[in-house]
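For chain A, the structure is supplied; the task is to place chain B on it using the hints.
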Amino acid sequence: MNRVLVIDDVAGVRRTIAAILRREGYEVIEARDGREGLDLARGQAPGIVITDLLMPQVDGIEVIEGLRRPGGARPKVLAISGGGSLVGAEEALGMAEGLADATLRKPFEAEELVGAVAALAGRP
Amino acid sequence: MGRGAGAAAEAGDGFGGVLRLGAAAGLERLLRAAIETSPVNVTLADATKPGRPLLYVNPAFCETTGYSAEEVLGRNCRFLQGPDTDPEAVERLRGALARAEPIRITLLNYRRDGKPFWNELSILPVFGTDGQLEAFLGQQVDVTQERIAAERDGQRQRVEALGRLAGGVAHEINNLLQPMLALPSLVADALPAEAEAEREWLTLIQDHARQARSIVRDVLAFSRGSEKPAKPREATALVTQALGFAQGLIPPGVSVRRTGALASGARLGLVAVEETQLRQVLTNLLLNAAQAMGGHGEVEVGLVGDGDALRLTVADNGPGMDEAVRARIFEPFFTTKPPGEGTGLGLSVVHGLVASWGGSAGVESRPGQGTCITIHVPVAAGGPDQSVQGVS
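For the protein sequence lines, the chains are A and B, in the order given. Going by the UniProt record's numbering, the first residue of the first sequence is number 1, and it counts up by one from there. Going by the UniProt record's numbering, the first residue of the second sequence is number 1, and it counts up by one from there.
Chain A on its own, in the form it takes in the complex:
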């Protein structure tokens, strides 16, 4: 549960999440898009995957479905979104409900992220 994979096409968001979680003692790996994320998830077996929902090519919903395939390691998933130009954040997070284990609306504060990830990791 200590290894966290962060998938977001915006580098600033990815690096922010990585910085916060590394400070909390997690091992963080980063992916720039959904395809790279699925590859890393297979090779590195993270306990938790944080994925943006609206990304070009392979979006977050496809990432979660890929992670949920039978035979996979089934990591815990935190879906994040600030919405896109056509889909609002709440709408996007609503689509992930039932698929992801938790959702968080961007932009969030460090404490919100730490709390959400700790809950998924089963940390006190």
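Hints were generated in silico from the structure; no laboratory data involved. Every residue, glycine too, gets a C-beta built ideally from N, C-alpha and C. Check before you lean on any hint, since a few could be wrong.
[Said to hold, decoys possible] Reference listing, derived: stretches of chain B covered by chain A, where coverage requires no fewer than 3 residues with Cβ under 8 Å from a Cβ of chain A: (1) 169–175; (2) 183–197; (3) 207–220.
[Unchecked claim] Examples of chain B residues toward chain A, derived with CB under 10 Å: (4) 179; (5) 180; (6) 369.
[What the hints assert, rightly or not] Residues from chain A that face chain B, not an exhaustive set, calculated with beta carbons under 8 Å: (7) 23; (8) 104; (9) 108; (10) 113; (11) 115.
Using the frame of chain A, we list chain B on its own:
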């Protein structure tokens, strides 16, 4: 246009040409009956006398303007003009008459009771057989309803276009805000204990990021329109509850007077409105009214049934606004407040939320006469709330 009839047209078809009277034929009586029963306002003014006095007005004219024929015959038609009649349009009209040219123009006129109406006016100069200008034939149609509908459509389109643009920008900004919102606390932890000033600067960055996030959420609230419909709830109780919440957020010098169902407790039916959204709408409207009144005064909030809809009104007795401000009041970032005192998003958020309920928001205001925002919310399927009948 048939030649050989009582009146034959020359040089043009319909408006844009002039009429030259030929020898009157037996059709005269029938033509008179046609004019007397026409839904179009018809006037004839004497062009040979100074001041062009009215020679004739038909019953439709009397019905539209509220004047009797006796009251207006012999007078110049300018008695229809009033305070908000566009002087430039009047000037164009006068110029055309002076040059004996036909003109078609829409201008704001006033009924006998002072009520304004938009008048689409066509005037033809009428020449006799000797080529002398004899009269002006006026034909007028009240196009007020069309003007209001066109204005509302135009406003809705403008607001929608701005909403899409603002929505797209807002989503980009959400990602850009992420480091500014989340990283300052990490940096603060890494600073030595004595770095108090630096810690304060980081707090400043984070506070501003929070404010920016709040603006972005307002913009999104304005631009979103595809939310899941809320569960229908009894309207009077819902509005009363949300109003109680909103009232707690306005300055103490402003009181709220409840009218209609909010005073009587009458049940008006169900509405599919999310309470948090209604709270936001009422809060924004009350704060806006409070600011308009300088933080002191009374806001009247009313709720009444209106056909298949409910009408929620928020009225203040502040300074009101002119037409230019009124027309733009629901646009995002439009504000009359000094820079730094308002984002100009409050009423655009109201507009966006109300539209997402399938309702509409409108504003009535005149300088010196306060402002009344009216919101129409459709009554949800299921009609009057049967389940609570007998419960007072």
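Verification of the hints:
1. 169–175: holds (count 4)
2. 183–197: holds (count 4)
3. 207–220: holds (count 3)
4. 179: holds, 5 Å
5. 180: holds, 8 Å
6. 369: violated, 38 Å
7. 23: Holds. Min distance 6 Å.
8. 104: Cβ of residue 104 of chain A sits 11 Å from chain B, so the hint is violated.
9. 108: Since chain B brings a Cβ to about 7 Å from residue 108 of chain A, closer than 8 Å, the hint holds.
10. 113: Cβ of residue 113 of chain A sits 7 Å from chain B, so the hint holds.
11. 115: The hint is violated - residue 115 of chain A has no Cβ within 8 Å of chain B, the shortest such distance being about 13 Å.
In summary, the structure is inconsistent with hints 6, 8, 11 from the numbered list given earlier, while agreeing with the others.
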